[in-house]
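Protein chains in written order, with the working numbering: chain A, 1 to 584; chain B, 1 to 258; chain C, 1 to 256.
Simulated from the structure, these hints should not be mistaken for laboratory data. Check before you lean on any hint, since a few could be wrong.
[As the list claims (entries may be wrong)] Listed below are several chain A residues computed to face chain B (Cβ distance under 8 angstroms; list not exhaustive): (1) ASP196; (2) THR198; (3) TYR242; (4) LYS246; (5) ILE306; (6) PHE310; (7) PHE499; (8) VAL503; (9) ALA536; (10) LEU541; (11) ALA545; (12) SER549; (13) VAL552; (14) VAL554; (15) LEU556; (16) LEU557.
For glycine and all other residues, C-beta sits at the position ideal for the given N, C-alpha and C.
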Amino acid sequence: MRTTRWMWVAGILGGLGLLALFSPLGAQTYSPPTYGEDFPLIGSRAAIWIVAQTHLMFAAFVLGVPMFAVVTEAIGIWGKDERYDRLSKEFTRLLLVAYSATALLGGLFLFLLVTLYPALFSYLSEIFKVSMWIYAALFFFESATLYMYYYGWDRWKTGRAKLGHWGLGILLNVWGTAVLFIANAWLTFMMSPPSDVTPDTAPAMVQFWSAFANATWMPINIHRLIANAVFGGSIVAAYAAYRFLKAKSDEERAHYDWMGYVGNLIAIGVFLVLPFAGYWLGREIYEYNQQMGITMMGGFMSWLWIVQAFLIGVLFLAANYYLWIGLGRIPGGERFSRYTKWMLAVLVIGFIVWATPHSMIADRDELAAMGGTHHPFLGVLGLMSAKNTAVNLMILTTFLSFLMYRRANKIPTVSWAKTGTITQGGLLAVCSAVVLFYGVYGYFVPTITRIGFSVYQVLWVLFTILAVIGLDLFIMRRAESRGPIRWGQMPERSQYALFILVVTFTWLMGLMGFARSGIRQHWHVWEVMRDTTEHAATPALGYAAQVISVCVIVFLLMIAFVFWIGGMIAKPQLVPDPEPVPAD
Amino acid sequence: MSSVDLKIIAVVLATIGAFTLVANVIPQVESDVPPDIAFGADVSPEELVEVGEQLYQGAGGCLACHAESPGARGPNIITDYRGQGPIGVRCADRVPGLDCKEYLYQALVRPGDHVVDDYPLIMPPTDRTLTQPQIWAIVAYLQSLGGEVTVTGADIPDEDEAEVETDPALASTDPVELIQVHCLRCHVYEGEGIDIGRPLDDIGAHRSADELRRAILDPPSVVAEGYEDVVGLMPLDFGRQLNAEQLEALVAYLSTRR
Amino acid sequence: MRDHPFWQAILVFIAAWILVRWGIPYVPPLVGISSAPVPTSVELQYMLTVLVGILIWVSDNEVRWKRFKEPIRNVMVQPERKWMRVAFLVAIPLLVAFVTYDTVRPKVTAPVGLRSVHPANPTSITVDGESIILEGLENPFRAEGRGDEAYALGLDIYYQNCMACHGDYLDGQGHYAHGYNPLPLPLRGGGTIAQLTESYVFWRIAKGGAGLPREGQPWNSAMPAWEDFLTVEEMWAVTYFLYEQAGISPRTWEEH
Numbered sequence: 001m002r003t004t005r006w007m008w009v010a011g012i013l014g015g016l017g018l019l020a021l022f023s024p025l026g027a028q029t030y031s032p033p034t035y036g037e038d039f040p041l042i043g044s045r046a047a048i049w050i051v052a053q054t055h056l057m058f059a060a061f062v063l064g065v066p067m068f069a070v071v072t073e074a075i076g077i078w079g080k081d082e083r084y085d086r087l088s089k090e091f092t093r094l095l096l097v098a099y100s101a102t103a104l105l106g107g108l109f110l111f112l113l114v115t116l117y118p119a120l121f122s123y124l125s126e127i128f129k130v131s132m133w134i135y136a137a138l139f140f141f142e143s144a145t146l147y148m149y150y151y152g153w154d155r156w157k158t159g160r161a162k163l164g165h166w167g168l169g170i171l172l173n174v175w176g177t178a179v180l181f182i183a184n185a186w187l188t189f190m191m192s193p194p195s196d197v198t199p200d201t202a203p204a205m206v207q208f209w210s211a212f213a214n215a216t217w218m219p220i221n222i223h224r225l226i227a228n229a230v231f232g233g234s235i236v237a238a239y240a241a242y243r244f245l246k247a248k249s250d251e252e253r254a255h256y257d258w259m260g261y262v263g264n265l266i267a268i269g270v271f272l273v274l275p276f277a278g279y280w281l282g283r284e285i286y287e288y289n290q291q292m293g294i295t296m297m298g299g300f301m302s303w304l305w306i307v308q309a310f311l312i313g314v315l316f317l318a319a320n321y322y323l324w325i326g327l328g329r330i331p332g333g334e335r336f337s338r339y340t341k342w343m344l345a346v347l348v349i350g351f352i353v354w355a356t357p358h359s360m361i362a363d364r365d366e367l368a369a370m371g372g373t374h375h376p377f378l379g380v381l382g383l384m385s386a387k388n389t390a391v392n393l394m395i396l397t398t399f400l401s402f403l404m405y406r407r408a409n410k411i412p413t414v415s416w417a418k419t420g421t422i423t424q425g426g427l428l429a430v431c432s433a434v435v436l437f438y439g440v441y442g443y444f445v446p447t448i449t450r451i452g453f454s455v456y457q458v459l460w461v462l463f464t465i466l467a468v469i470g471l472d473l474f475i476m477r478r479a480e481s482r483g484p485i486r487w488g489q490m491p492e493r494s495q496y497a498l499f500i501l502v503v504t505f506t507w508l509m510g511l512m513g514f515a516r517s518g519i520r521q522h523w524h525v526w527e528v529m530r531d532t533t534e535h536a537a538t539p540a541l542g543y544a545a546q547v548i549s550v551c552v553i554v555f556l557l558m559i560a561f562v563f564w565i566g567g568m569i570a571k572p573q574l575v576p577d578p579e580p581v582p583a584d
Numbered sequence: 001m002s003s004v005d006l007k008i009i010a011v012v013l014a015t016i017g018a019f020t021l022v023a024n025v026i027p028q029v030e031s032d033v034p035p036d037i038a039f040g041a042d043v044s045p046e047e048l049v050e051v052g053e054q055l056y057q058g059a060g061g062c063l064a065c066h067a068e069s070p071g072a073r074g075p076n077i078i079t080d081y082r083g084q085g086p087i088g089v090r091c092a093d094r095v096p097g098l099d100c101k102e103y104l105y106q107a108l109v110r111p112g113d114h115v116v117d118d119y120p121l122i123m124p125p126t127d128r129t130l131t132q133p134q135i136w137a138i139v140a141y142l143q144s145l146g147g148e149v150t151v152t153g154a155d156i157p158d159e160d161e162a163e164v165e166t167d168p169a170l171a172s173t174d175p176v177e178l179i180q181v182h183c184l185r186c187h188v189y190e191g192e193g194i195d196i197g198r199p200l201d202d203i204g205a206h207r208s209a210d211e212l213r214r215a216i217l218d219p220p221s222v223v224a225e226g227y228e229d230v231v232g233l234m235p236l237d238f239g240r241q242l243n244a245e246q247l248e249a250l251v252a253y254l255s256t257r258r
Numbered sequence: 001m002r003d004h005p006f007w008q009a010i011l012v013f014i015a016a017w018i019l020v021r022w023g024i025p026y027v028p029p030l031v032g033i034s035s036a037p038v039p040t041s042v043e044l045q046y047m048l049t050v051l052v053g054i055l056i057w058v059s060d061n062e063v064r065w066k067r068f069k070e071p072i073r074n075v076m077v078q079p080e081r082k083w084m085r086v087a088f089l090v091a092i093p094l095l096v097a098f099v100t101y102d103t104v105r106p107k108v109t110a111p112v113g114l115r116s117v118h119p120a121n122p123t124s125i126t127v128d129g130e131s132i133i134l135e136g137l138e139n140p141f142r143a144e145g146r147g148d149e150a151y152a153l154g155l156d157i158y159y160q161n162c163m164a165c166h167g168d169y170l171d172g173q174g175h176y177a178h179g180y181n182p183l184p185l186p187l188r189g190g191g192t193i194a195q196l197t198e199s200y201v202f203w204r205i206a207k208g209g210a211g212l213p214r215e216g217q218p219w220n221s222a223m224p225a226w227e228d229f230l231t232v233e234e235m236w237a238v239t240y241f242l243y244e245q246a247g248i249s250p251r252t253w254e255e256h
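Please take these sequences and the hints and turn them into a complete structure.
This is the structure we're talking about:
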């Protein structure tokens, strides 16, 4: 009975559809324009750029924070530390508001794409339509999971229910990752369409899976996953810094000081892996198309890497600064504080080498004195050998800062503690020597061999970091404490370092987004669909920097609003005191 | 707004401002978009050379590999290659039977056909990024480097014609001719051709007509024993290069080779 | 005072500046490595980095930060330092005003840019209606061993045409030299023609400032295109003369 009714409905609908097809209306051909009208004032490109970038920043936030939340909740469960559980919940609450901001920006982005670039959108949607439906559907699951995760927090608080709750957090990450992977397929297709797709290929003829899993899809997926975790951590740290500066009681200050520390630890710790993912992505780009790779590294984008070097230098300095100030609040930290000036010297010299340009900007007399744009002496610092060496030593130094931080208030009790520490020192010294050796030796071998050296350097650094931290875990087993860390006794200026970190991370994301998108140059879809607007040329860095700054400011304003709203939903429960939570 | 808020705003804006400033003091370069050009029949060699040079150094992307510096990714064609002079001097002698103009055009459109020894095949076919007039302008520029420019307006097809204008052999349905045009670049047949893929002399004894058809249209689906290493080398677009009549003629012919 | 962070910071800053300003250009040559003064843009970059580093050092420890701020604070509040305070209040705005004035005042120097002094030469040039391929090209006088002849001819040509700008001593200090911007290049020393092949110098003589390629811009070199005044032979002769007179030998082509 029911079946027949459905058949009726389907029949009527189908008939209407046929009618529409053959009716005079359907017969009129309407060919959509390739481009919509140029966006007023700033132009279509800047409009879509800003919206896409801010959408992406929010997306990174709502994907990065669940990772953060699940990890901290797990620490809370298995480490039996209530503080982590509360931290996790506090962030999930912010997620609720951030989530709708992401969706709103996503909607805006979609509408701009449809109205400003209709031909591109219809091309992409023809290829990817199924994945677009799935994409939208995933949001239902993701929001449902998020609501259950947050609102079920206090209900499923203990025992097996708590584990189930944690499972919800994992599920939230699964949805988020799926969403990320799908969206990445679209944008990587624009960058690296499969080589058998030519301008003459009708979009319907493009094989879905080859377009979806294209050459740069996986590298971008991994790169973005890692970067999202970094980004989430740094935002958490900045949020904590704000709350710290605004805190009225010592307990509040202690809680947010600690939260800032955890956020920063995750951000910087995960950040150290990011270059590898970037290296893989770069290699895939070279492999996909040599010309695209050269445009990125040696062509007109080469100056972008000087700006990137500057930003990364700022990251290193700010992160270490925060750690060094933090030593002041750890009993026993003063033992290490006299070493910081030497570590700082390494960082500053590293930064100087890292940011020394190969071709220098100089006036006429200076050029004449140098005999060209390459300085006869400093010119050697402009090469990759020197830069890789500098950055590896900076990574080691930052790692050493963390190590000092870890050990500051502990007294090892194992009998071989001294030997262990000397071994650690030896490992670090050997690693630095190896890195330096390859850096210097790189000047005496051909380029091809030299490129291989950077891999050795990185592997050595990674191995050393893992070995030293592994050793440290054993040395510090059952270590005695010199006294608890005095959370909250942190000078205010340290918190501003956290702000510098978050701004730098956000800006860096914008810059790398420009690099990724800009290497397509005048193509919407590389070598398949050309950009024929007046904005086809990839803009110069100065203009790009201004747009990126606008994106960062818009994002920070919006996220500040999100935090403000989040603060209104529920104020209490944040302060880690063992007493029942006071009503606000 | 409290002083803390103001301080935070100041720190954030100062950081953003510093980054923007750094990005603005370095040299500002915008990417080049290849100009859309159309030449009349009476275009002068000088005009062609000028446009070609711009493309060579800019949007064509040639200079990225074919640079003067030692250790460049591609052979140096603009100043001197191993003492033989720039490309204009030696283009006529590169491939027997091809004059300078034809050689250069082929090398640009099908780089794989004439790779210079010792260099890997990394060059993309230029007709994917450039229009026919642009390619011919580059040919003219390359000729001008030590040679005489012989490209004229008559060489340059209209964009639409370029698609149609093909080697007469490509339109043939004679299987032997098809093999010569399409297959010998990678397969040996009757003692001719290059030994990369499986020889075709006895292919009919090992493959049915169905398998052959599949192997041509979707090469990875049929792998010859001993040639697993070269899976993926065979172009995937023979379904577009051949029409149905040609494909069937080729399949029928090959399946009788025993 | 020696171990006071404030004075230490100032000392480190000055030491770093001396190192960048004088150490980098003048110490490496002592051990036989060539060097040159650091361009202002790079010097600024280095000194800013050092400054940030110093600020990090003085403020990463609470005690040191307090001590560092002490002298500044004293100047700002102590009654007996009133004069110092006033002096700073006058000096700092004056300094800012001067820097501002100095940056905006019209100058005769060319704008700072990535101008390359020796841009890449073209493959071939046309002189007197004849195409000349520069790559691998030798000075015909030198190749044929007619050095004395070239020297004699080049000497006359140099003193009649070039000396007024490039100078009697070939040091770029001719009578008219200071009227030009950029200055005529000195032909002596290791920095100019010593690095170049004769065909390059020939190209520069023949085509002059107007013939500089794009990366040599913004060109405002006043060097005339001598092909309009001299014959090909005369230009080769004067090229030969330059190297002889300056006592250097031209860069040769690499063996293939």
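Hint-by-hint comparison with the structure:
Below 8 angstroms, beta-carbon pairs count as interface contacts, and A:ASP196 has one with chain B at about 5 angstroms; its hint therefore holds. A distance limit of 8 angstroms between C-beta atoms decides the matter here; for A:THR198 the minimum to chain B is near 7 angstroms, and the interface restraint holds. A cut of 8 angstroms between beta carbons decides the hint on A:TYR242: the least distance to chain B is about 7 angstroms, and the hint holds. Taken as an interface hint, A:LYS246 checks out: its beta carbon lies about 6 angstroms from the nearest beta carbon of chain B, inside 8 angstroms.
Checking A:ILE306 against chain B by beta carbon gives a least distance of about 6 angstroms; that is within 8 angstroms, so the hint holds. With 8 angstroms as the threshold, the beta carbon of A:PHE310 comes within range of chain B, its nearest partner Cβ sitting at about 5 angstroms, so the hint holds. For A:PHE499, the interface hint holds, the least distance from its beta-carbon to any beta-carbon of chain B being 5 angstroms, beneath 8 angstroms. For the restraint placing A:VAL503 at the interface with chain B, the shortest Cβ-Cβ distance is roughly 4 angstroms, inside the 8 angstroms limit, so the hint holds.
Hint on A:ALA536 holds. Least Cβ distance to chain B is approximately 5 angstroms, under the 8 angstroms limit. Look at A:LEU541: its Cβ gets to within about 5 angstroms of chain B, closer than 8 angstroms, so that hint holds up. The criterion of a C-beta within 8 angstroms of any C-beta in chain B is met by A:ALA545, whose closest approach is roughly 3 angstroms, and the hint holds. For A:SER549, the interface hint holds, since its Cβ comes within 8 angstroms of a Cβ in chain B; the closest pair sits about 5 angstroms apart.
A hinted interface residue such as A:VAL552 counts as satisfied when its beta carbon comes closer than 8 angstroms to some beta carbon of chain B; here the least separation is about 6 angstroms, so the hint holds. The beta carbon of A:VAL554 is not positioned within 8 angstroms of any beta carbon in chain B (closest approach about 11 angstroms), and the interface hint is therefore violated. A hinted interface residue such as A:LEU556 counts as satisfied when its beta carbon comes closer than 8 angstroms to some beta carbon of chain B; here the least separation is about 6 angstroms, so the hint holds. A hinted interface residue such as A:LEU557 counts as satisfied when its beta carbon comes closer than 8 angstroms to some beta carbon of chain B; here the least separation is about 10 angstroms, so the hint is violated.
Hints 14, 16 from the list above are not met by this structure, while the remaining hints are.
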